[in-house]
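Protein chains: 2
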Amino acid sequence: MHKEILEDIGEKELINRLGKFMPKNQISDDCALIKTKNEKLVVNTDSLVENVHFNDITICPQDLGRKAVVSNISDLLSSGSKKTLGITISLILPARTEWIWVEKLYKGINKALKEYGGIILGGDCSKGNEKVISITAFGIQGELELRRNACKPGDIILTTGIHGLSKLGFMIKNKIKLDNNVSLSERLISKSVEHFCRPHVYPNFLKNLLQTRSNKKIRRIGCTDSSDGLFQAIQDLAIASNCKAIINYEKIPKDMDWPEGDKWDKYYFFGGEDYELVFSLPKKWANNLSKIDKNIYEIGYFAIGKPAIEFNDNNKNKLLEESPFKHF
Amino acid sequence: MHKEILEDIGEKELINRLGKFMPKNQISDDCALIKTKNEKLVVNTDSLVENVHFNDITICPQDLGRKAVVSNISDLLSSGSKKTLGITISLILPARTEWIWVEKLYKGINKALKEYGGIILGGDCSKGNEKVISITAFGIQGELELRRNACKPGDIILTTGIHGLSKLGFMIKNKIKLDNNVSLSERLISKSVEHFCRPHVYPNFLKNLLQTRSNKKIRRIGCTDSSDGLFQAIQDLAIASNCKAIINYEKIPKDMDWPEGDKWDKYYFFGGEDYELVFSLPKKWANNLSKIDKNIYEIGYFAIGKPAIEFNDNNKNKLLEESPFKHF
Numbered sequence: 313m314h315k316e317i318l319e320d321i322g323e324k325e326l327i328n329r330l331g332k333f334m335p336k337n338q339i340s341d342d343c344a345l346i347k348t349k350n351e352k353l354v355v356n357t358d359s360l361v362e363n364v365h366f367n368d369i370t371i372c373p374q375d376l377g378r379k380a381v382v383s384n385i386s387d388l389l390s391s392g393s394k395k396t397l398g399i400t401i402s403l404i405l406p407a408r409t410e411w412i413w414v415e416k417l418y419k420g421i422n423k424a425l426k427e428y429g430g431i432i433l434g435g436d437c438s439k440g441n442e443k444v445i446s447i448t449a450f451g452i453q454g455e456l457e458l459r460r461n462a463c464k465p466g467d468i469i470l471t472t473g474i475h476g477l478s479k480l481g482f483m484i485k486n487k488i489k490l491d492n493n494v495s496l497s498e499r500l501i502s503k504s505v506e507h508f509c510r511p512h513v514y515p516n517f518l519k520n521l522l523q524t525r526s527n528k529k530i531r532r533i534g535c536t537d538s539s540d541g542l543f544q545a546i547q548d549l550a551i552a553s554n555c556k557a558i559i560n561y562e563k564i565p566k567d568m569d570w571p572e573g574d575k576w577d578k579y580y581f582f583g584g585e586d587y588e589l590v591f592s593l594p595k596k597w598a599n600n601l602s603k604i605d606k607n608i609y610e611i612g613y614f615a616i617g618k619p620a621i622e623f624n625d626n627n628k629n630k631l632l633e634e635s636p637f638k639h640f
Numbered sequence: 313m314h315k316e317i318l319e320d321i322g323e324k325e326l327i328n329r330l331g332k333f334m335p336k337n338q339i340s341d342d343c344a345l346i347k348t349k350n351e352k353l354v355v356n357t358d359s360l361v362e363n364v365h366f367n368d369i370t371i372c373p374q375d376l377g378r379k380a381v382v383s384n385i386s387d388l389l390s391s392g393s394k395k396t397l398g399i400t401i402s403l404i405l406p407a408r409t410e411w412i413w414v415e416k417l418y419k420g421i422n423k424a425l426k427e428y429g430g431i432i433l434g435g436d437c438s439k440g441n442e443k444v445i446s447i448t449a450f451g452i453q454g455e456l457e458l459r460r461n462a463c464k465p466g467d468i469i470l471t472t473g474i475h476g477l478s479k480l481g482f483m484i485k486n487k488i489k490l491d492n493n494v495s496l497s498e499r500l501i502s503k504s505v506e507h508f509c510r511p512h513v514y515p516n517f518l519k520n521l522l523q524t525r526s527n528k529k530i531r532r533i534g535c536t537d538s539s540d541g542l543f544q545a546i547q548d549l550a551i552a553s554n555c556k557a558i559i560n561y562e563k564i565p566k567d568m569d570w571p572e573g574d575k576w577d578k579y580y581f582f583g584g585e586d587y588e589l590v591f592s593l594p595k596k597w598a599n600n601l602s603k604i605d606k607n608i609y610e611i612g613y614f615a616i617g618k619p620a621i622e623f624n625d626n627n628k629n630k631l632l633e634e635s636p637f638k639h640f
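Protein chains in written order, with the working numbering: chain X, 313 to 640; chain U, 313 to 640.
Hints were generated in silico from the structure; no laboratory data involved. Take the hints with a grain of salt, since some may be wrong.
Any copy, or any two copies together, can satisfy a pair, since identical chains are not distinguished.
Pairs of lysine to any residue, SDA-like flavour, derived with a Cα cap of 25 Å [unchecked claim]: (1) Lys603 <-> Asn363; (2) Lys595 <-> Lys630; (3) Lys439 <-> Asn367; (4) Lys563 <-> Cys437; (5) Lys529 <-> Ile501; (6) Lys618 <-> Glu572; (7) Lys487 <-> Leu326; (8) Lys439 <-> Pro465; (9) Lys324 <-> Ile621; (10) Lys419 <-> Leu522; (11) Lys416 <-> Ile530; (12) Lys519 <-> Ile327; (13) Lys347 <-> Gly429; (14) Lys464 <-> Met483; (15) Lys618 <-> Met483; (16) Lys439 <-> Phe623; (17) Lys347 <-> Asp569; (18) Lys439 <-> Ala407.
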């Protein structure tokens, strides 16, 4: 069967075809348009690079397109965006890329937009040796400003969901050798691959936050997402807010089949791409929220002190001595 | 001398350093913020890819940074943006990239923003094998909507400035063999290299358009920029507006030293990256505008007919038989 590649199609025809995935009023012009009211737009840009963030073995194009959108929406949510308006897409693709790959990518992109709101506003496509999917997403700032620098000493540190699963899914997909001494349950294997390939975010997070707010005067809370790992997320909050995070190791939510040991703790803390929200709230608010949302866990608190992370169990602090997070 | 490369610096320190090029209120958070009123935002995304759009021989990082912004602002202007708010930057860089290269790129970016307005709103940086600079630029839609599909039969076709110079500059920089039979003037050589490395746009264009408007009821005019070449720009207008462009070859503005011949005509029409505006206006408006702005030339008109380009001098139509524009 003849496989249709981009080199055969040409740039103009490619742009025509991509236009079919866009709303009618946004096609065929130099720029995209966003109608605005008196509000703040929240804007986020994220790129997925072939052989750094993905490859053809680890993820299919439909999941990749969906994930590229989800990673941006996660950042919008972690800033307190109440509504996703849309995205622009900048693609870089090798000339030998098959059209069907691009079509599936766009199907995945539109799947995520259907799930979480927003439309394709515009984009461009260039030739390059490696695939790159750069997405810029636009949301509307809600009533609560979620910011890295808004954590306060005394605040409880919370997280949605469980970490490490995406990293484990990535390693399983890449057939990277795991711990010889443990055998993973089928359930954990399939759940981890699911987390890596088809991550989810929390569109109800902001609504639940507002519903449980004990003091209406509080308009800013500390928050980021764990796209670079739980450790990095807590560290970013601590540095931006200039306070010390004390983590209760026992309260960290782990999957029931997650193995024990330092190696597995490292996958958990430094894995990345889980897209969970990591945030801080005054105690009463934190208690109210974790009662109504069973996906939310209190894992520690912020204290006065130089920006740092400490476990209350001193034996666990050796975990933090080296940070395997290094993308360059 | 030790050259500091990104691999040594690490991603977190790199992000810290890039933060210094940004306004204080935009640093260290997941998203960028744009305050809006009741208006339309004009958004454009453009990527420059190493070995497709640039390489280390053809352009220095400072010029590259400036050009990446200018190419986006050109698209904003061609949609009728009255003010550039700012940009987000998505960089993909090899681990061996020197920090000084990145610093110079940002100096060039800020140079363009100082010239044409706007600030750095945010961005991200990832590792990759080839350098990519993706910029998303934000402007405010002015009173006049400039759109590809707003040309009308009877409209005069106009262009700012002279085409082909950027292509010639690119070829000179890359030592691509030119026509043996012509010797280029020193003036044309340096002007062409200047156009390729340091293109300019027309921030007064919209003001002059409004000032010369003969009929205040006209709110939409046909316009695009010539980033993909003059031919492509006219074709895009003709297709989007569903009419035929008749070009008067004699009226095409050429540099006084531009050589004659089919080869040079092709460089002129298909060159690209000149970032001139190509647009259409009712006759009276066109006359008024070209009188007050000496950089603007009337080069033809739109007529009823299937989307196409024709020269009024039939001998020249063979030029259009093949379009060398092909980025894939």
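We went through each hint and held it up to the structure:
In this assembly of identical chains, the alpha carbons of Lys603 and Asn363 never lie at most 25 Å apart, being 41 Å within a copy and 55 Å across copies at closest. Proximity of Lys595 to Lys630 under the C-alpha cut-off of 25 Å is found in neither arrangement, the shortest distances being 28 Å within a copy and 77 Å between copies. Taking the closest pair of Cα atoms, Lys439 and Asn367 come within 25 Å of each other both inside a single copy (18 Å) and across two copies (14 Å). For the identical chains of this complex, Lys563 and Cys437 are neighbours neither inside a copy (46 Å) nor across copies (33 Å), given an alpha-carbon limit of 25 Å.
Taking the closest pair of Cα atoms, Lys529 and Ile501 never come within 25 Å of each other, the shortest separation being 45 Å inside a single copy and 65 Å across copies. Proximity of Lys618 to Glu572 under the C-alpha cut-off of 25 Å is found in neither arrangement, the shortest distances being 30 Å within a copy and 71 Å between copies. Neither within a single protomer nor between protomers do Lys487 and Leu326 lie at most 25 Å apart by alpha-carbon distance, with minima of 35 Å and 31 Å respectively. In this assembly of identical chains, the alpha carbons of Lys439 and Pro465 never lie at most 25 Å apart, being 49 Å within a copy and 35 Å across copies at closest.
In the homo-oligomer, the alpha carbons of Lys324 and Ile621 lie at most 25 Å apart only across protomers (17 Å), although the nearest pairing inside one protomer, at 52 Å, exceeds that limit. With identical chains, the CA atoms of Lys419 and Leu522 are never at most 25 Å apart, being 33 Å at best within one copy and 42 Å at best between copies. Neither within a single protomer nor between protomers do Lys416 and Ile530 lie at most 25 Å apart by alpha-carbon distance, with minima of 44 Å and 42 Å respectively. Taking the shortest Cα distances, Lys519 and Ile327 never come within 25 Å of each other, neither inside one copy (38 Å) nor across copies (32 Å).
Within a single copy, Lys347 and Gly429 get their C-alpha atoms as close as 16 Å, and across copies as close as 21 Å, so both meet the 25 Å cut-off. For the homomeric pair Lys464 and Met483, neither the shortest alpha-carbon distance inside one copy (36 Å) nor that between copies (58 Å) is at most 25 Å. For the identical chains of this complex, Lys618 and Met483 are neighbours neither inside a copy (35 Å) nor across copies (56 Å), given an alpha-carbon limit of 25 Å. With identical chains, the CA atoms of Lys439 and Phe623 are never at most 25 Å apart, being 48 Å at best within one copy and 32 Å at best between copies.
In this assembly of identical chains, Lys347 and Asp569 lie within 25 Å of each other by CA distance neither inside one copy nor across copies; the values are 48 Å within and 46 Å between. In this homomeric assembly, Lys439 and Ala407 come within 25 Å of each other (Cα to Cα) both inside a single copy, at 6 Å, and across copies, at 21 Å.
The structure fails hints 1, 2, 4, 5, 6, 7, 8, 10, 11, 12, 14, 15, 16, 17 (numbered hints given earlier, in ascending order).
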